[in-house]
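Participant: Residue numbers (our numbering), protein chains in the order written: chain A, 1 to 496; chain B, 1 to 496.
Think of the hints as simulated: they come from the structure by calculation, not from any bench. One or more hints might be untrue.
A pair holds if it fits inside one copy or across any two, identical chains being indistinguishable in the list.
Okay, derived cross-link-like pairs now, SDA-like style, lysine to any residue, Cα gap no bigger than 25 Å in a straight line [what the hints assert, rightly or not]: (1) K311 / D59; (2) K311 / D27; (3) K311 / S52; (4) K152 / T140.
Number of protein chains: 2
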Amino acid sequence: MLLLKIDGASNVPAYRQICDRIVALVDEGALRPGDRLPPTRALGASIGLHRSTVVRAYDELRALGYLESRGGSYSTVRRRQRPPSTRRDPTARKDDSLIDWSAVTRPSIRALHTHTAMEPIKSATPGDVIDLDRLSADPTLAPDDDLRRCIKSVLVRIGGAALDYTDAAGWRPLREVIAARMCNHGVAVSSDEILITGGAQQALDLVLRYLTRAGDRVVVEAPTYGMDHALLKLHEVDPIELPLLDDGMDLDRLQRVLQRGRRRPKFVFTMPNFHNPTGITTDQQHRERLMALCEKHRVPLVEDGVEEEMKYFGQAVLPIKSMDSKGIVLYVGTFSKVVFPGQRIGWIAAPSEAIVRMTDIKHASCIAGNTLAQAAAALFCNSGEFESYLRRIHRVYRRRMQALLQGLERHMPDGVTWTRPSGGYTAWVTLKDIEMTESELLERIMREGVKVGPGNRYFAGRPATTHFRLSIACVAEERIEIGCRLLGRALARALE
Amino acid sequence: MLLLKIDGASNVPAYRQICDRIVALVDEGALRPGDRLPPTRALGASIGLHRSTVVRAYDELRALGYLESRGGSYSTVRRRQRPPSTRRDPTARKDDSLIDWSAVTRPSIRALHTHTAMEPIKSATPGDVIDLDRLSADPTLAPDDDLRRCIKSVLVRIGGAALDYTDAAGWRPLREVIAARMCNHGVAVSSDEILITGGAQQALDLVLRYLTRAGDRVVVEAPTYGMDHALLKLHEVDPIELPLLDDGMDLDRLQRVLQRGRRRPKFVFTMPNFHNPTGITTDQQHRERLMALCEKHRVPLVEDGVEEEMKYFGQAVLPIKSMDSKGIVLYVGTFSKVVFPGQRIGWIAAPSEAIVRMTDIKHASCIAGNTLAQAAAALFCNSGEFESYLRRIHRVYRRRMQALLQGLERHMPDGVTWTRPSGGYTAWVTLKDIEMTESELLERIMREGVKVGPGNRYFAGRPATTHFRLSIACVAEERIEIGCRLLGRALARALE
Chain A
1 MLLLKIDGAS NVPAYRQICD RIVALVDEGA LRPGDRLPPT RALGASIGLH
51 RSTVVRAYDE LRALGYLESR GGSYSTVRRR QRPPSTRRDP TARKDDSLID
101 WSAVTRPSIR ALHTHTAMEP IKSATPGDVI DLDRLSADPT LAPDDDLRRC
151 IKSVLVRIGG AALDYTDAAG WRPLREVIAA RMCNHGVAVS SDEILITGGA
201 QQALDLVLRY LTRAGDRVVV EAPTYGMDHA LLKLHEVDPI ELPLLDDGMD
251 LDRLQRVLQR GRRRPKFVFT MPNFHNPTGI TTDQQHRERL MALCEKHRVP
301 LVEDGVEEEM KYFGQAVLPI KSMDSKGIVL YVGTFSKVVF PGQRIGWIAA
351 PSEAIVRMTD IKHASCIAGN TLAQAAAALF CNSGEFESYL RRIHRVYRRR
401 MQALLQGLER HMPDGVTWTR PSGGYTAWVT LKDIEMTESE LLERIMREGV
451 KVGPGNRYFA GRPATTHFRL SIACVAEERI EIGCRLLGRA LARALE
Chain B
1 MLLLKIDGAS NVPAYRQICD RIVALVDEGA LRPGDRLPPT RALGASIGLH
51 RSTVVRAYDE LRALGYLESR GGSYSTVRRR QRPPSTRRDP TARKDDSLID
101 WSAVTRPSIR ALHTHTAMEP IKSATPGDVI DLDRLSADPT LAPDDDLRRC
151 IKSVLVRIGG AALDYTDAAG WRPLREVIAA RMCNHGVAVS SDEILITGGA
201 QQALDLVLRY LTRAGDRVVV EAPTYGMDHA LLKLHEVDPI ELPLLDDGMD
251 LDRLQRVLQR GRRRPKFVFT MPNFHNPTGI TTDQQHRERL MALCEKHRVP
301 LVEDGVEEEM KYFGQAVLPI KSMDSKGIVL YVGTFSKVVF PGQRIGWIAA
351 PSEAIVRMTD IKHASCIAGN TLAQAAAALF CNSGEFESYL RRIHRVYRRR
401 MQALLQGLER HMPDGVTWTR PSGGYTAWVT LKDIEMTESE LLERIMREGV
451 KVGPGNRYFA GRPATTHFRL SIACVAEERI EIGCRLLGRA LARALE
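Pulled out of the complex, with its shape left as it was, chain A reads as follows (with noise of 0.2 Å):
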């Protein structure tokens, strides 16, 4: 006979005292499967309740699997089929999946692991190393203690609505401080013409989303921003590989590649201002043949303007989207390359239409981004913190770039040519008759104490040429001299 004890001044009900029990039981192994329980009726008068209580308690066991019904008539202890344990067996195996798990998607997501065009985000760079590579906002020169105030602000001005959803299409404030600074760049666009996204990355992802399937076609320049090879990768997106000139993509090229019928490309990708790797801003003339180029054939532009702010000598050359009368044109820009990377805040500005369909597929793929840094980031840009912030990191830049030019026509040996950006944080070095393999002359830069950006990275295919690239974004001016030097040290003997 069951043998259960019930306490009436517990505040725990009766009916699950008794299923506390029952399970404690049959985890002790009191009760094994198979064993009958007695009747409802038997137990509630055995334990001095009534029959109801225990019929709960049976059914709440049935549903935790503890008991099964046999025959309707009385219930038996059930063989559960794993118990659940809280902790890992260790002599348990990975590969024990009955599923493989690297093997169940499809190659293009395969080969996302691999490929070598993924930047790092965090490169594990030791001190003592000058790493020309990593680009992103040096976090040294951040103004935290504003954007804390931004935040905090938010926090108590907005309240609660700072932490629920927002839209879709992104924080209405910040979608008009954006457009307001697009038309400072002479882009005349309304806040429904904003769509704001998760960094340039997300735009760039909606964007193929909206105008590519599998097996599509797109033009980009080669090189190009390496994470767009693995964004292509995943969309499995074929890349026309246009070469850069020195004055920016090849147009004669473009214009054949467009004349052709057959798999004509779904978007034409360029980074007109301070190209990422090489630096190069195309001038007007170069921008409204690309334009008009792309207008003949009706095939969208879009345009990256991650670095669009970081002009420092010359004169601005406007966006393409400024003389985008026709709206063709796609825009993307981003705070993460000048300020806060990890709040993750970039935008679309494209017509109405396109804005609507991207948000479309924004809201269906993860609802909308979050609300608060959003918010921050819109008080961060009306409060004028992020004017002040651009002045001072655009000294602070202009001079890392006049060091790295300075450097690179100081140490270079001959054989080495070069960019030389009017903004932004890069340059690109061109080897032209180089015996060894890229690898093999990093690795020999790596040797002297610098880290560059292996230049096969940004290409989809090998490139005929050994290049890399020199990033200033996270390297103090006077290392910057320094790392010159080295790596000047290193390419002279790799070309002995």
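Since the structure of chain A is already known, use the hints to place chain B on it.
Facilitator: Using the frame of chain A, we list chain B on its own:
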């Protein structure tokens, strides 16, 4: 002759002053396309500057598209294709665009906007309407001050790192906190088996990107959470809708689907606890059989546990993932249905190999999530504030659910049935023999001052029977009772 005044005392470099002046003359119309500019040497002499300064100015003007060189010997004013305007032309029509942005994408994207399955994030419900539609954690219960303290503390303790990039897989301490929480639910996972996502929606999006491609099929419950239908549309994945019986998904039909050889589903999607929209919780036997079927056919089982924490009555049934010794379950969790949805924090618990693949996809598509939000969430959990918040809202929601169930018992007319959830936020009402359309019915209910969730939102096709969903998420206890009374009146009339 060109008249230029150069201010030698100005901070603006002389070449820039030349540029600015010529740009102004062009913009004013004083210089017109085709006009010839003086030779550099002559202009230099006339304004007392070295020729090289004028050369630099002309170079800049060429880059900006104001000048062009004619035969190399002299420069003329160039016709700029479109002078950028920072003011929108009010007469410009939207459909001036050369590209039809609504037609440029595939039909599956075009269908998103009008798809009724998308739940509105913010209902524009007037204050006097009793909103039994909205499903998100009640913002009036949110521990805003506690989170504010956590954010402040993170910014002070962690500093700039909280605003810099985090790993694509998520802020490590948060992955550890969530692994520990999963252990409390009987799921033995390490932090390497946790991927932080932008809410449950991004988690499901990553699962779909990982396991499916256009044209694939997946098994879902019918009804199932509405947003999933939008997400499936986005991925062009076809749902196999298996009816949800009183005790969960129809497993006999699942067995037949899995036994069919062709067009095997890529995964089975289930919400075993407090199913949205029905509120049904499956029992242990059902879970074991579902898992055994998936194991037998080696089909991944995607378990949506987004309301896992919201158990009010009876004993908790542990997640299916707790029994997953064969590594076939991908578990999706989120904070958004419990607290701070605007912080966008969800997760996937899965075998580490699957986590690696989905992390790669996340990295390629958005680099990483919001660092500050993740660090603050980790602290919020670790400080014990989450637990005390959970205890508080459990008391509130238990009473709200009781009020709903008692209210339905009291006020529903004959011919109306409903589910009796033991947790979560939703109950499901079914009207078998009603002669009007769903939208007519909902309009009648709305006229009584009550908003409910349209049943067809939760099916891919048209449901055979009329249903609607009731959510207690954002309605105070006393208003739930009133809501049930008004609802009863509307239904009694509708069924007359």
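Participant: Hints first: check each against the structure and report whether it holds.
Facilitator: Structure-based check of all given hints:
Only between protomers do K311 and D59 lie at most 25 Å apart by alpha-carbon distance; the minimum there is 17 Å, versus 71 Å within a single protomer. With identical chains, the CA atoms of K311 and D27 are at most 25 Å apart between copies only, with a shortest distance of 23 Å across copies and 69 Å within one. Taking CA atoms no more than 25 Å apart as the test, K311 paired with S52 passes between copies only; the shortest distance there is 23 Å, against 79 Å inside one copy. In this assembly of identical chains, the alpha carbons of K152 and T140 lie at most 25 Å apart whether taken from the same copy (21 Å) or from different copies (20 Å).
Checked against the numbered hints above, the structure breaks none of them.
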